[in-house]
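2 protein chains.
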Amino acid sequence: MRTHYCGDINETLIDQTVTFCGWVHRRRDHGGVIFLDVRDREGLVQVVFDPDTAEAFATADSVRSEYVLQITGRVRARPAGTTNANMKTGMIEILGKEIAILNKAQTPPFPLDNYADVGEEVRLKYRYMDMRRPEMQNKLRFRSKVTSIVRRYLEANGFWDFETPILTRATPEGARDYLVPSRTHEGTFFALPQSPQLFKQLLMVSGFDRYYQIAKCFRDEDLRADRQPEFTQIDIEASFINEDDIMGLAQGMIKEIFQQELGVDLGDFPRMPFSEAMNKYGSDKPDMRIPMEIVDVAEFLQEIEFKVFAGPAKDPKGRVAALKVPGGAQLSRSQIDDYTKFVGIYGAKGLAWIKVNEIEKGVEGLQSPIIKFIGDDNTMKIMAKVGAQNGDIVFFGADRYKVVCEALGALRCKIAADLNMYTAPWAALWVVDFPMFEENDDGSLSALHHPFTAPSCTPEEMAANPTAALSRAYDMVLNGTELGGGSIRIHDQDMQAKVFDVLGISKEEQEEKFGFLLDALKFGAPPHGGLAFGLDRLIMLLTGATSIREVIAFPKTQSAACVMTQAPGEVSNAQLRELHIRLREKAKTE
Amino acid sequence: MRTHYCGDINETLIDQTVTFCGWVHRRRDHGGVIFLDVRDREGLVQVVFDPDTAEAFATADSVRSEYVLQITGRVRARPAGTTNANMKTGMIEILGKEIAILNKAQTPPFPLDNYADVGEEVRLKYRYMDMRRPEMQNKLRFRSKVTSIVRRYLEANGFWDFETPILTRATPEGARDYLVPSRTHEGTFFALPQSPQLFKQLLMVSGFDRYYQIAKCFRDEDLRADRQPEFTQIDIEASFINEDDIMGLAQGMIKEIFQQELGVDLGDFPRMPFSEAMNKYGSDKPDMRIPMEIVDVAEFLQEIEFKVFAGPAKDPKGRVAALKVPGGAQLSRSQIDDYTKFVGIYGAKGLAWIKVNEIEKGVEGLQSPIIKFIGDDNTMKIMAKVGAQNGDIVFFGADRYKVVCEALGALRCKIAADLNMYTAPWAALWVVDFPMFEENDDGSLSALHHPFTAPSCTPEEMAANPTAALSRAYDMVLNGTELGGGSIRIHDQDMQAKVFDVLGISKEEQEEKFGFLLDALKFGAPPHGGLAFGLDRLIMLLTGATSIREVIAFPKTQSAACVMTQAPGEVSNAQLRELHIRLREKAKTE
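Read top to bottom, the protein sequences are chains A and B.
Its first residue numbered 1, the first sequence is counted upward by one per residue in this note's numbering.
Its first residue numbered 1001, the second sequence is counted upward by one per residue in this note's numbering.
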């Protein structure tokens, strides 16, 4: 039906006759001729109809925005002064000869080139219109290109693409499962997978050696800005490899995407132990574009009277730390109040500060409500340790270790964004040496990653002092966002059972929930490991989108609904009866 | 951890030291040395340990089947007379120097190289062991390679890979949906998609022009040998194209797979109208490897007394037809009885036959219980029309059109398989010119494909005589199996509403179920069409597997369960309460 895409017609085709199809992007009536901008996925082309071709002119005169057209015409150079160097087709225009209306269009529910004022709900309801916008076209095209690069890279490295089940058994990732009632097995349910974790490990036990899948995963959680009920993972697993192998492979893949799509060389990714990330950046996903570090200052504050500082400074589980903000002395009182509220989100009970006006004058050159509690000498020692200079502000956190890390870590990112302090467009790194377990408030232990992660110590060492045990896990972090993560897995049945023991999972529960995995480990499981990347988040970062919904063709709203198809919807009682379930009373009477 | 895969070590590496990992496939103790066949996904390699390397020898002596090993050794030519030309590594062996046991293995639940006697249930329970067999490794590797070829082919043709939702609204494909209760919208349910049909059409409305996806689809139907609750579709849609464009593209894709993977040139695919397929082959997916055609013989039988033939011969909705089986006169009475039972499955009330012994003697040379009812003259005219020759048997069907087609069509395939009558290894074709609608027993109409298929006539012609209307649908058939199918879709809102009207869908129901599609068609939908291939079935055919379960890594049983993970499983009342559902009484008390 066409010889060219609209956006591909250029000056190499001058004097040739072309046929193309597309949508009316703009229609102008100017100097007795009709100008149409016709759009397809490759771009816009300008078409001119003059009254000499009477029939075509009349048709062109009748079209409206978003009509679907098929046009034949001759390519010609635009008259001098009307060319547009910013447009792929900006040097030419088409003298239209024939025009056919393939479909009419009602007035769009919102203007495609001025959607900024349109609520997201309307855009999602008419998603098929919203996706006509070049911005959306580009984002989804980009997504398709990235998945293609990923597949080619992994296939070139010997990985085979496997599909794992969507109708499966509840998995232990810890989030809430989506359930699917079984019709043929009364009273039972499938779960949609939170990840293909156990299946990919079993594929390694099968000897497939190198697995990958771009896999749909599901979590029935309350949604934040960057979460969706269903999301997509680049899932990778390999056998007979160690951390260096798999991290090198994954790093190569991300570098390849950046090189091919953005022309950016990300360089070598440094590795940072988890403990250093927490101490210096207050986060296990530090944003390395930000030239600020958190500095421990408890050593100066253990002996003072002021309990707010002295308490945590003396407590082995406490922390007192400072964050120096270069140039931050300019912050107003109300800005500081806002930051105080902000750190409150993370549990901080306040935000002490010292402004550095004239450091050469000693404490006289500082401005702060807290110096009198800290003491002059301690204050100056702290200023020296953080390297305070005139114009800086120093913030303080004093609380349990975790609260201080989270509060100052978040504050560091917030201030960097507010003051645009970034030193580079991209900064990637690996965070390694995670603890195996984290302690819950009730003293029990949870797996920091998941219970199949191998420790870097012996089973005996792990069992003797679990909270000190480190894991063979690794997370890739880009610009303060976790792009992906993984680990070397446990391939030894005894080690796996010991980890379950530490987690307080009874033998019965181990057998019931993970019996097939423990079985599989008995029959010759190879050493193996892998990782998974969040594809949606990766595309969001790469395209600079502000929400994950911008890079998904048909996303759900934050209440986990599709306003376009009106899913979820009601179903008949007959359907429920076949599935051996009924609605609870409250739902039925509504 | 290794320098080479086991299966990749060959005579080019002689005298080099290699390190490899894998499973003990076989262990033999012969002439004072230990022979190990070590296996990985690329193949087997033979390793020899002699007592000179005492420590390694002792370790090698201790290993058992399916132990996981890391071995270092020197490659050497096998002694004369012990080479194995059928084996990739058959010219060499490894003189083992170092051996490490990476993991032990219990005795496998069934022997990997002699699984024929093992029930499928056991193989599925220990699927990770079953998949160690080279046959399963090859099938799943093949599947991965085919999807890779498909992706590259489609991407080279300008198709972009899109993901469509898994949590969606009930779709109208007609099978039973899998449902997912919503936690956040009490009393409502998502449905898992039976296909991405409406989403891919909406992507065309969005102007994405060329879409593909290797998509998971779900149907909660009772399972036959080649069905699974979740299956995979190669899903394709394009805009501004006609039947020839899309059929050419799809044909090119299948030809590419056959060329690359089997070295087979499938040639050009002929096109056959649906009516011809039914008349000649009794099926809309004719197996063209079989040199037999069904022949109408009603013309000779309308005036006879014998009502079994005369009735259908005179009825416009009836059919009387013959199937000549070359060489079939050898069939015994009990074989014919079996075929009579076989056609009974398709509703045929009997299976009349005439054996051709000496055709030159006229009816005297024939053998049959029915000639006396047909009459000598009619019999000989029929023999002439079907071209009967000595040694043939001619079977007859007389019933409603559909029953005769299905019975003789199935019989044709069954006899061809029993007598191995195939004339070619592969025969592909397109079936086209399908009816838009088929009549239900109650006189109402159903869409033969789906209600979004465009008719090849005007809306007025279709509405005036719907059962005569043909559609712009096309099915690709290979060796009697439907590989895939599709159609040019309706892009005009009025046409879509008229088709819904013909199907007896009320305006209210149209609005409720398909409102968003009808809306989308109002805003400038382009002409578009596409198709979908069943990936599982395609791989099954290409690998010669006997069941779809052989080409799926983790399939469900025929009762839609996974015996390995024991899915579906029971869930807690707390989970059900969150989802606003409860089990029905019967299920609860069990």
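A hint or two may mislead.
Below 27 Å or equal to it, Euclidean Cα-Cα: the simulated DSSO-like pairs (lysine-lysine) are [unchecked claim]:
no.	chain 1	residue 1	chain 2	residue 2
1	B	LYS1317	A	LYS507
2	A	LYS498	B	LYS1317
3	B	LYS1402	B	LYS1307
4	B	LYS1317	A	LYS255
5	B	LYS1125	A	LYS145
6	B	LYS1097	B	LYS1125
7	A	LYS216	A	LYS285
8	B	LYS1317	B	LYS1216
9	A	LYS125	B	LYS1125
10	B	LYS1280	A	LYS513
11	A	LYS314	A	LYS361
12	B	LYS1104	A	LYS216
13	A	LYS285	A	LYS125
14	B	LYS1104	A	LYS522
15	A	LYS125	B	LYS1507
16	B	LYS1513	A	LYS104
17	A	LYS255	A	LYS307
18	B	LYS1498	A	LYS104
19	B	LYS1513	A	LYS145
20	B	LYS1104	A	LYS513
21	B	LYS1280	B	LYS1402
22	B	LYS1402	A	LYS507
No wet-lab data here; the hints were simulated from the structure.
Bear in mind that the values here come from a model prediction, so they are computed numbers and not experimental data.
Now the hints, each set against the structure:
no., hint, verdict
1, LYS1317(B) to LYS507(A), "violated (67 Å)"
2, LYS498(A) to LYS1317(B), "violated (72 Å)"
3, LYS1402(B) to LYS1307(B), "holds (19 Å)"
4, LYS1317(B) to LYS255(A), "violated (67 Å)"
5, LYS1125(B) to LYS145(A), "violated (39 Å)"
6, LYS1097(B) to LYS1125(B), "violated (37 Å)"
7, LYS216(A) to LYS285(A), "holds (24 Å)"
8, LYS1317(B) to LYS1216(B), "violated (40 Å)"
9, LYS125(A) to LYS1125(B), "violated (45 Å)"
10, LYS1280(B) to LYS513(A), "violated (56 Å)"
11, LYS314(A) to LYS361(A), "violated (30 Å)"
12, LYS1104(B) to LYS216(A), "violated (34 Å)"
13, LYS285(A) to LYS125(A), "violated (35 Å)"
14, LYS1104(B) to LYS522(A), "holds (7 Å)"
15, LYS125(A) to LYS1507(B), "holds (21 Å)"
16, LYS1513(B) to LYS104(A), "holds (23 Å)"
17, LYS255(A) to LYS307(A), "violated (49 Å)"
18, LYS1498(B) to LYS104(A), "holds (18 Å)"
19, LYS1513(B) to LYS145(A), "violated (34 Å)"
20, LYS1104(B) to LYS513(A), "holds (23 Å)"
21, LYS1280(B) to LYS1402(B), "holds (13 Å)"
22, LYS1402(B) to LYS507(A), "violated (60 Å)"
The structure does not agree with the numbered hints 1, 2, 4, 5, 6, 8, 9, 10, 11, 12, 13, 17, 19 and 22 stated previously, though it agrees with the rest.
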